[in-house]
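Residue numbers (the numbering used here), protein chains in the order written: chain L, 2 to 403; chain D, 6 to 201.
Honestly, the hints are just simulated from the structure, not real lab data.
Every residue gets a Cβ at the ideal spot worked out from N, C-alpha and C, and that includes glycine.
A few of these clues could be false.
[Unchecked claim] Label-pair restraints from in silico Cβ distances:
#, chain 1, residue 1, chain 2, residue 2, range
1, L, R280, D, A140, 30 to 40 Å
2, L, G220, D, A72, 50 to 60 Å
3, D, R46, L, S148, 45 to 55 Å
4, L, E136, D, G174, 42 to 52 Å
5, D, A72, L, A221, 46 to 56 Å
6, L, A277, D, D81, 50 to 60 Å
7, L, A63, D, H185, 29 to 39 Å
8, D, R46, L, G129, 41 to 51 Å
9, D, E167, L, P60, 35 to 45 Å
10, D, R103, L, P60, 21 to 31 Å
11, D, R103, L, A277, 29 to 39 Å
12, D, D42, L, E164, 47 to 57 Å
[As the list claims (entries may be wrong)] Per the computed footprint, the stretches of chain D lying under chain L, defined by three or more beta-carbons under 8 Å from a beta-carbon of chain L, are:
#, segment
13, 33-40
14, 45-56
15, 63-74
16, 149-161
17, 175-189
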Amino acid sequence: MSSVVTSGCARIEEVEAAIDERLDAAQAAEALAHARGCAACGAMERSLRSLRETARSLPEPAIDAEAMQRVRAEVIAGASLGGHGRSTAVRRALAVAAAVTLVLLGAAMLRARSASPRPAAEGIDLAGAGTLRPERAAVYRVERAGSDTRIALTEGTIHLAVEHRRRSERFVVALTDAEVEVRGTRFAVDAHQGHLRRVRVTEGLVAVRRAGQPERLVGAGSTLEVTEPVAVAPAAATLDPVEPPASTPAAGAATTVTAAPRVEASRAPTDAGATAASRDFRAGALAYVRGQPGEAARALQRFLAAATARDPRREDARYVLVLALDATHDPGAERAAREYLGEFPNGLRRAEVTVRLTRRLAARGACDAAASAALGMPEHAEAGLRTQVAQALSRCAGAPGE
Amino acid sequence: MSPRVLRPLLSLVPEDDSVLLQRVATGDVNALGVAFDRFHRDVYGVLARLRGTRVDLDDLVQTTFLALPRAAHNYDPLASARSFVIGVALQIARRERRNLVRRWKLWQARSHELDAPEGDVDPERRAGDREDFSALESALGGLSHAQREVIILHEVQGMKGEEIAQALGVPVNTVWTRLHHARNALRAALDARGGR
Chain L
2 MSSVVTSGCA RIEEVEAAID ERLDAAQAAE ALAHARGCAA CGAMERSLRS
52 LRETARSLPE PAIDAEAMQR VRAEVIAGAS LGGHGRSTAV RRALAVAAAV
102 TLVLLGAAML RARSASPRPA AEGIDLAGAG TLRPERAAVY RVERAGSDTR
152 IALTEGTIHL AVEHRRRSER FVVALTDAEV EVRGTRFAVD AHQGHLRRVR
202 VTEGLVAVRR AGQPERLVGA GSTLEVTEPV AVAPAAATLD PVEPPASTPA
252 AGAATTVTAA PRVEASRAPT DAGATAASRD FRAGALAYVR GQPGEAARAL
302 QRFLAAATAR DPRREDARYV LVLALDATHD PGAERAAREY LGEFPNGLRR
352 AEVTVRLTRR LAARGACDAA ASAALGMPEH AEAGLRTQVA QALSRCAGAP
402 GE
Chain D
6 MSPRVLRPLL SLVPEDDSVL LQRVATGDVN ALGVAFDRFH RDVYGVLARL
56 RGTRVDLDDL VQTTFLALPR AAHNYDPLAS ARSFVIGVAL QIARRERRNL
106 VRRWKLWQAR SHELDAPEGD VDPERRAGDR EDFSALESAL GGLSHAQREV
156 IILHEVQGMK GEEIAQALGV PVNTVWTRLH HARNALRAAL DARGGR
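Isolated chain D (complex conformation) (with noise of 0.2 Å):
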């Protein structure tokens, strides 16, 4: 295939990927709907996973697309642009992730009555005790925020090392590094749920 960059970047109907995000970059709002039609499924299938929990999702949905046009200026027109849309939405995600776990020491802090080790663990493996999930969901509901992510993107969503990495913004190295880690405490999550 020639090089995208040299394909025309106002072509009326993008039919490629990184067109399309070109586009966006420059506050084509038609180009930013196709964009929501082709990768909206997939930021929410992402989101879904890593939270484990479906409440507010549609906002960070929503978040993501809205954030897309600026976010779309770095967009490198050689990489996946799915896995440029999907970085957009694992940094929302984290942000959010962020406030929750701020929220959640804080009270915490407040509440004299929390016992230890309910106020030790992590709200989003909470979350994931809500619904009634496969074994390996409930597994992945235990790994750490980082593990998730590599695991969901890579053995879930199917996405290669590189385009994760770049999703990320992490080196490739450390994406293989995490799986590996990963992998290690997903086995013996399963091993001691006995492998239900």
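So here's chain L without its partners, still in its complex pose (with noise of 0.2 Å):
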């Protein structure tokens, strides 16, 4: 493309006006005649033209007809699952889905909220792992991987009648500063703003691990209560208390349903391991906004591997990571979701991750596990995404068998 234009005539805007036809047709002839006789204006008027030819010339942008296919397919599902519209078979169809969908969607937040009355004996059955009663205002998350439960509390009381646990089974009442575990009892336990203030123990036996100090065992007919909340970082509950955290990003088959322990947050971080974290971070990020997701999965497991549990970092690492396996559809993206919502119940990009979660779930045919993703979606979550949760259900609770 020549150049070179520099504002030599007072009539070179008219040039440009006439290439973008802004001008009338005599207007525009007799700015391109001028143009002829005009250095100024004729280098102009051939370097607009020569930018048009070289843009309308550029290769159309790769487009994968499959995915689009499929993007299709989700807009047709999300859009029938929006509310408005006709009657048309697909809507039927849809509708059947969007309704379990809301159900399972609504169910933990308006038990949450709880403000219409119930009766006292009702509670939200776990699927085998006991029931959950829920007190006016109880704020709590359930999640569920193979025969472990996990509930993120953060507010208020719940109360849980837990059926006897296998070994290899775990129950967790998770908040930001404690955990709480049980193989099969009937308790309660209270929380707030994220932080544990009583369990109270109506059968069976409970181990209470509060961060930073040792595990307590409350037998049936004791409470615990806490006075004061402990001065530990927020430090996400974990449904494996014992093992340190792995040096390098695990493999396989975990049946983990969240993050490593952050059980080493007095551990004081040497400068060479914070440099290489530093590096690991800086270098996960500027490959995921480069469009380099691979290497940035890559670099940010590195981080976390690495980086201490008070990291302000974690959150974006953690999330990002997330988005970065997703892109290259690493199948380790769905863990790396729960290790997000496991290591920030109360993340800030919690709704996000929970559609990616319940997407991939849902995608590879693990209905329940989706649903069971989808109960942890915030209910202030933007209706976009909840939308996209619910598609996902429905794909699911379409499916034959289901």
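Given two chains presented individually in distinct reference frames, assemble the corresponding complex, making use of the accompanying hints.
In structure tokens form, the structure reads like this:
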């Protein structure tokens, strides 16, 4: 493209206007006639035409027709769930799925608010693990992975009746500063702003692990009262409180629902470690922004393995790791999403992560798990995100055998 | 042509784009499917060029069409339907970009080691470095977001000034001013690259 156009003529903008078809035919012809005899205007005309020619000859961005068909199907499904429209056959078929979905999505939230009076004995069935009865205004989320159940409690009181658990099955109530684990019992947990306030046990025995403190067992008829919160950084409760964090991203078939345990909060990082972590974080951030999700995922996994529990970049790193793995269709995205939700039960990105997790689970036919994951959708989440969760579930709900 | 607004709104197979969008606004899922078939290539093309990366592009296309039934309530049947749909996509892209910029700034703030030159760069410009773009595409990556929008819509997609004004929701004179500055910036960038 030739350039070197300087404003050497008062009429140079007329030429641009003519090329842009802003002038009527006579004015345009006159301006272009002028350009033929004027060096500056002639150069401008050639430059503009050359730019246009180059721009129009750019190849069309390659489009993946199959991916677009999937997108189209999701748009149709999503719009059908959107609540306004005609009763086409498609709508009617999807309305059923939508109803199921809304019930699933709404159950935990409605019950959490519990504005309407409910019989005291009524509880939410935790699919064989037991029942949960929230008190008014309790805020919590239920996650299930295989035979493990995790309830993230933020506010209020929940009453639990837990069926007897085998050793391999775990049932944990997680708070930001503690976790309460049972094998089979009846008990109630009370929280305020994510912190543990009280555990009251009616039957059986529960283990209470507060961050930075030894485990305490609370038996039937006993109540553990917390008078002051532990002064440890918000630590994700974990289903695996024993093992130290792996220094490399764990591979394979772990059934963990949540993040690696954050028990090393008091360990001071070495300078070398901090530098390496910063380098990995930076590399991961840059790679993702540059559109290299594979590289981003590797760097962020290194960062997460090396960074301390208190590192404020962890949430970003966990979130972007989910995006990066999802972008490369890496099956690890599912685990990464669970790890984000486990480590940051009140994280800023939990709605987005829940969408990704639900989609992934639904896509591989794990409909129960997808429905469970969808329960974690924050009730204030954007309508668009809620629709995406609903449509992921509706695909499962509509699948044979469901 | 008789005024489009007088045409029956509920013809079974809307041939006319403006009728199509009006049917989309009523929540007609079939019409939305037809709108997807007609416009998704434009949406995909504009978004791909604007962002310089295809990461999450499918999601943006999906979000655009999911937003369309509600957005179409504001559609003026006398205006171009294609511009309208592209305008919705641009809004979605801007929202996504704001999130990206916010995230980028957060990273900057939190990462002690970012050196200044890289830290100051618009993340979308960085995204543009990724693929083997032509000189023009690379130079586009150096423009501001608003300038890139008008160049892509006008020079690449061939949209008219009025259509661009409608898609962007700005006066048409603003479009011409932006275009003028964008071309100057583009020329300077191409000169700096030695006309590659």
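task = Sort out which numbered hints this structure fails and list those numbers smallest first.
result = 9
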